[in-house]
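Visitor: All chains, please: the whole structure from these sequences, using the hints.
Residue numbers (this note's numbering): 1 to 271.
Heads up, some of the hints might be wrong.
[Stated by the list, open to error] The list that follows gives simulated cross-link-like pairs (lysine-lysine, DSS-like), each with its CA atoms no further than 25 Å apart:
#, residue 1, residue 2
1, 120, 271
2, 233, 271
3, 160, 271
These are calculated hints, taken from the structure and not from any lab test.
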Amino acid sequence: MSYRRSLRYLAITLTLTVSLASQAQEGGSSADLAKQLSNPVASLISVPMQINYDSNIGPRDDGERWTTNIQPVIPVSIGEDWNLISRTILPVISQEDIFPGAGSQDGIGDVVQSVFFSPKAPSDSGWIWGVGPVLLLPTGSDDLLTADKWGAGPTGVALKQVGQWTFGALANHLVDFAGDDDRGDVNSTFVQPFIAYNTPTATTIAMNLETTYDWEADEASVPVNLMVNQVLKFGGQLVQVGAGVRYWLESTDAGPEGWGGRINLVLLFPK
Numbered sequence: 001m002s003y004r005r006s007l008r009y010l011a012i013t014l015t016l017t018v019s020l021a022s023q024a025q026e027g028g029s030s031a032d033l034a035k036q037l038s039n040p041v042a043s044l045i046s047v048p049m050q051i052n053y054d055s056n057i058g059p060r061d062d063g064e065r066w067t068t069n070i071q072p073v074i075p076v077s078i079g080e081d082w083n084l085i086s087r088t089i090l091p092v093i094s095q096e097d098i099f100p101g102a103g104s105q106d107g108i109g110d111v112v113q114s115v116f117f118s119p120k121a122p123s124d125s126g127w128i129w130g131v132g133p134v135l136l137l138p139t140g141s142d143d144l145l146t147a148d149k150w151g152a153g154p155t156g157v158a159l160k161q162v163g164q165w166t167f168g169a170l171a172n173h174l175v176d177f178a179g180d181d182d183r184g185d186v187n188s189t190f191v192q193p194f195i196a197y198n199t200p201t202a203t204t205i206a207m208n209l210e211t212t213y214d215w216e217a218d219e220a221s222v223p224v225n226l227m228v229n230q231v232l233k234f235g236g237q238l239v240q241v242g243a244g245v246r247y248w249l250e251s252t253d254a255g256p257e258g259w260g261g262r263i264n265l266v267l268l269f270p271k
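Guide: Spelled out as structure tokens, the structure:
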């Protein structure tokens, strides 16, 4: 299965992102940066990229999929007390035999755009939180890579950082409001509880569940991910790199099963 097109999209996005963020100044220790990366609404410009591999897809369990999620995070100050954080997920997908006769597809999937309004300071009890809207954009480049629906709904995140530990959850709910009437309706809830341990050497050990419940089909997909990440510096560029495994605790009838993998790369642009 060809993955060249996915890598080409990734290279283009990286070039544009580095150009836009090139004026950001370096600051903060590696350990501090690793801890900020455990916070989805931290005031830190970053470009996470997740390369996910899943297999045993389809009724015959002979399909496979590579998904590179490009996820730029851009915080904007909107006063003394509040930040607006933009989080975009652009999936670049290469898949094969996801059902009999499907062949292979390479291209872009549907974008999920979240915007969080988050207080700059934690609450008196130490909680960090953010709420806002989430949008589903039908940007898929192939009929088998898109829901072909426009969707919207609420999103929110809450977490607490105690010592070297970070724990919390992120959630959203999407319902379609426009798109191709011949395609299935979108009505899904995503819940991602997470926990991470950050060491003084900027190593992060993290685990999360990425639960998606489809209310139309009455089906859930629940992969658990275990990752080890490290903040490093290559030349003048700060990055976080890591890898891990995922296991599908529950899946749809045509979804992935068993073990998969994830490679993590994050470009960091601390202020």
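Visitor: Does the alpha-carbon distance linking residue 120 and residue 271 stay inside the 25 Å limit?
Guide: 15 Å, holds
Visitor: Below or equal to 25 Å on CA atoms is what counts here, so check residue 160 against residue 271.
Guide: Judged against 25 Å, a Cα distance of about 23 Å means the pair holds.
Visitor: For a C-alpha distance cap of 25 Å, please report whether residue 233 and residue 271 respect it.
Guide: 16 Å, holds
The structure is consistent with each of the numbered hints, conforming to all of them.
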